[in-house]
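So the sequence lines, in the order shown, correspond to chains A and B. Mapped onto the numbering used here, the consecutive letters of the first sequence carry residue numbers 1 to 223. Mapped onto the numbering used here, the consecutive letters of the second sequence carry residue numbers 224 to 303.
Certain hints may be false.
Unchecked claim - 30 Å max Cα-Cα, derived DSBU-like pairs, lysine-lysine:
no.	chain 1	residue 1	chain 2	residue 2
1	A	Lys111	B	Lys281
2	B	Lys271	A	Lys116
3	A	Lys183	A	Lys172
4	B	Lys283	A	Lys111
5	A	Lys198	A	Lys167
6	A	Lys190	A	Lys6
7	B	Lys301	A	Lys116
8	B	Lys287	A	Lys173
9	B	Lys287	A	Lys111
10	B	Lys287	A	Lys15
11	A	Lys172	B	Lys287
12	B	Lys232	A	Lys111
13	A	Lys116	B	Lys281
14	A	Lys167	B	Lys287
15	A	Lys116	B	Lys279
16	A	Lys183	A	Lys173
17	A	Lys116	B	Lys289
18	A	Lys172	B	Lys289
19	A	Lys29	A	Lys195
20	A	Lys15	B	Lys281
21	B	Lys232	A	Lys116
22	A	Lys15	A	Lys167
Stated by the list, open to error - In silico contact screen, one side only, chain B against chain A (beta carbon under 10 Å); selected entries:
no.	residue
23	His265
24	Glu274
25	Lys283
What the hints assert, rightly or not - Chain A side only, calculated, beta carbon under 10 Å to chain B, not exhaustive:
no.	residue
26	Glu58
27	Asn91
28	Gln106
In short, the hints are calculated from the structure, not lab data. Quick caveat, the model's predicted, so the values are computed rather than measured. Using N, Cα and C, we set each Cβ at its ideal position, and we do this for glycine too.
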Amino acid sequence: MIEGDKYIFRPATLKDVGFLVETVIQAEKSLMGNCGMANHFGITEQELRGYLAQMFDEEIDGCEFSVSSFIVVEYEGKVVAAMGGWLEGDNEDAMPSSILKSNLIQYVMPKEAILKAQENIPITREFSIERQENTYQLEYTYVLPEHQGQMLIQSLMRQHFSRAMNKGPHIKKIQAHAFEGNKVIVLINKMMGFKITKRLVATNPRILEFYPYDTMVLLEKEL
Amino acid sequence: MERDEVIAKLTPIFREVFSDNSLELRDDMTAADVENWDSLTHMLMITKVEEVFGVKFKLKELNKLKQVGDIVALVEEKIS
Numbered sequence: 001m002i003e004g005d006k007y008i009f010r011p012a013t014l015k016d017v018g019f020l021v022e023t024v025i026q027a028e029k030s031l032m033g034n035c036g037m038a039n040h041f042g043i044t045e046q047e048l049r050g051y052l053a054q055m056f057d058e059e060i061d062g063c064e065f066s067v068s069s070f071i072v073v074e075y076e077g078k079v080v081a082a083m084g085g086w087l088e089g090d091n092e093d094a095m096p097s098s099i100l101k102s103n104l105i106q107y108v109m110p111k112e113a114i115l116k117a118q119e120n121i122p123i124t125r126e127f128s129i130e131r132q133e134n135t136y137q138l139e140y141t142y143v144l145p146e147h148q149g150q151m152l153i154q155s156l157m158r159q160h161f162s163r164a165m166n167k168g169p170h171i172k173k174i175q176a177h178a179f180e181g182n183k184v185i186v187l188i189n190k191m192m193g194f195k196i197t198k199r200l201v202a203t204n205p206r207i208l209e210f211y212p213y214d215t216m217v218l219l220e221k222e223l
Numbered sequence: 224m225e226r227d228e229v230i231a232k233l234t235p236i237f238r239e240v241f242s243d244n245s246l247e248l249r250d251d252m253t254a255a256d257v258e259n260w261d262s263l264t265h266m267l268m269i270t271k272v273e274e275v276f277g278v279k280f281k282l283k284e285l286n287k288l289k290q291v292g293d294i295v296a297l298v299e300e301k302i303s
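Using the sequences provided together with the hints, build the complete structure.
And the structure:
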């Protein structure tokens, strides 16, 4: 039986890269059965796992592939959950996270994968996310199945809210994205004080090769 | 290679990647100034720049490229 008081929350370290890779993979596969990000680059899930590990190992701060973005949950010495979050633009060179992420992908993936992605740009661009500077961004969450139902997502969110508030009073907003069809995640976000502020509806039916639903929502919470 | 030559070779890459045949590069131009310059096209642009100039950028170099002038300067440095 799981005992709730045994959960320990802490910042992720390089030792957690394996779980962070699993977090990204499971989030990308969520509700799809296959991995949309791997599809986008025309690579296998196994290949993507290797590239993700390389990206995390680079220790670039300030985006979704940064070890420092993640808070993990340990249970009896084992990592069982993780959630990413960062302050947009708060990194060594004040770069947008989208560019840091692109640079990481471009740096570790073979040219063929990047060129393959080029073919899919007109389709996936419909869900291109614009992240506002000085907003706190939440991205990628995973809880091991045997620990689901323990309110870990909510607890991880609260940890990130604290992190966001500690960045200073100028941080006014937290943003997250979800697929509207993922009712559970949207509901959890709403329970945690988020409101849907934008809805992106893809027009190309091929979007479902890369994402589980054709509608993405922007969720925002005022701090 | 002179700076003007670098810009002359960069321009068609930018025009192709960002789907704008009239795009004229300026040193202070950033992603915010160019329609379609997003995370997806950014990595494609870098890949094509590396290919055309026969160079490979380090990750730390990539993360300091804030505007077109930075790209021009880095390419010049790499091929000099």
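We went through each hint and held it up to the structure:
A hinted pair counts as satisfied when its Cα atoms are at most 30 Å apart, and Lys111(A) with Lys281(B) qualifies at roughly 15 Å. Among the hinted pairs, Lys271(B) with Lys116(A) is consistent with the structure: their alpha-carbon atoms are about 13 Å apart, no more than 30 Å. Only pairs whose Cα atoms come within 30 Å are accepted, and Lys183(A) paired with Lys172(A) is accepted, the gap being roughly 26 Å. As the CA atoms of Lys283(B) and Lys111(A) are separated by approximately 19 Å, the hinted pair is consistent with the 30 Å bound.
Between Lys198(A) and Lys167(A), the direct Cα distance comes to roughly 25 Å. Compliance with the 30 Å bound is thereby established for this hinted pair. Among the hinted pairs, Lys190(A) with Lys6(A) is consistent with the structure: their alpha-carbon atoms are about 27 Å apart, no more than 30 Å. Taking the CA atoms of Lys301(B) and Lys116(A), the gap is near 27 Å; set against the 30 Å cutoff, the hint holds. For a cut-off of 30 Å, the pair hint linking Lys287(B) to Lys173(A) stands: about 27 Å separates their Cα positions.
Of the pairs offered as hints, the one joining Lys287(B) and Lys111(A) holds, with about 21 Å between alpha carbons and a cut-off of 30 Å not exceeded. Of the supplied pair hints, the one linking Lys287(B) and Lys15(A) holds, its CA atoms being roughly 27 Å apart against a limit of 30 Å. With a CA separation close to 27 Å, the supplied pair Lys172(A) and Lys287(B) stays within the 30 Å bound. For the hint pairing Lys232(B) with Lys111(A), the CA-to-CA distance comes to about 20 Å; that is within 30 Å, so the pair holds.
Annotation: proposed proximity of Lys116(A) to Lys281(B) holds, straight-line Cα distance about 22 Å (limit 30 Å). Restraint check for Lys167(A) and Lys287(B): the C-alpha separation of about 23 Å stays at or below 30 Å, so the hint holds. Among the hinted pairs, Lys116(A) with Lys279(B) is consistent with the structure: their alpha-carbon atoms are about 19 Å apart, no more than 30 Å. Distance hint between Lys183(A) and Lys173(A) is fulfilled; the C-alpha atoms sit about 22 Å from each other, no more than 30 Å.
Distance restraint check for Lys116(A) and Lys289(B): the Cα-Cα separation of roughly 25 Å lies within the 30 Å cut-off, and the hinted pair is therefore satisfied. With a C-alpha separation of about 26 Å, the suggested pairing of Lys172(A) with Lys289(B) holds against the 30 Å cut-off. Annotation: proposed proximity of Lys29(A) to Lys195(A) holds, straight-line Cα distance about 25 Å (limit 30 Å). Distance check on the hinted pair: Lys15(A) and Lys281(B) sit about 24 Å apart at the alpha-carbon level, within 30 Å; holds.
Simply put, Lys232(B) and Lys116(A) have alpha-carbon atoms about 23 Å apart, close enough for the 30 Å limit, and the pair holds. At most 30 Å may separate the alpha-carbon atoms for a hinted pair to count; Lys15(A) and Lys167(A) meet this at roughly 25 Å. Because the beta carbon of His265(B) sits about 4 Å from the nearest beta carbon in chain A, less than 10 Å, this interface hint is met. With 10 Å as the threshold, the beta carbon of Glu274(B) comes within range of chain A, its nearest partner Cβ sitting at about 7 Å, so the hint holds.
Because the closest C-beta pair between Lys283(B) and chain A is about 9 Å apart, less than 10 Å, the hint holds. With a least beta-carbon distance of about 6 Å to chain B, the hint placing Glu58(A) at the interface is held under the 10 Å criterion. A cut of 10 Å between beta carbons decides the hint on Asn91(A): the least distance to chain B is about 8 Å, and the hint holds. With a least beta-carbon distance of about 4 Å to chain B, the hint placing Gln106(A) at the interface is held under the 10 Å criterion.
In this structure, none of the earlier numbered hints is contradicted; all agree with it.
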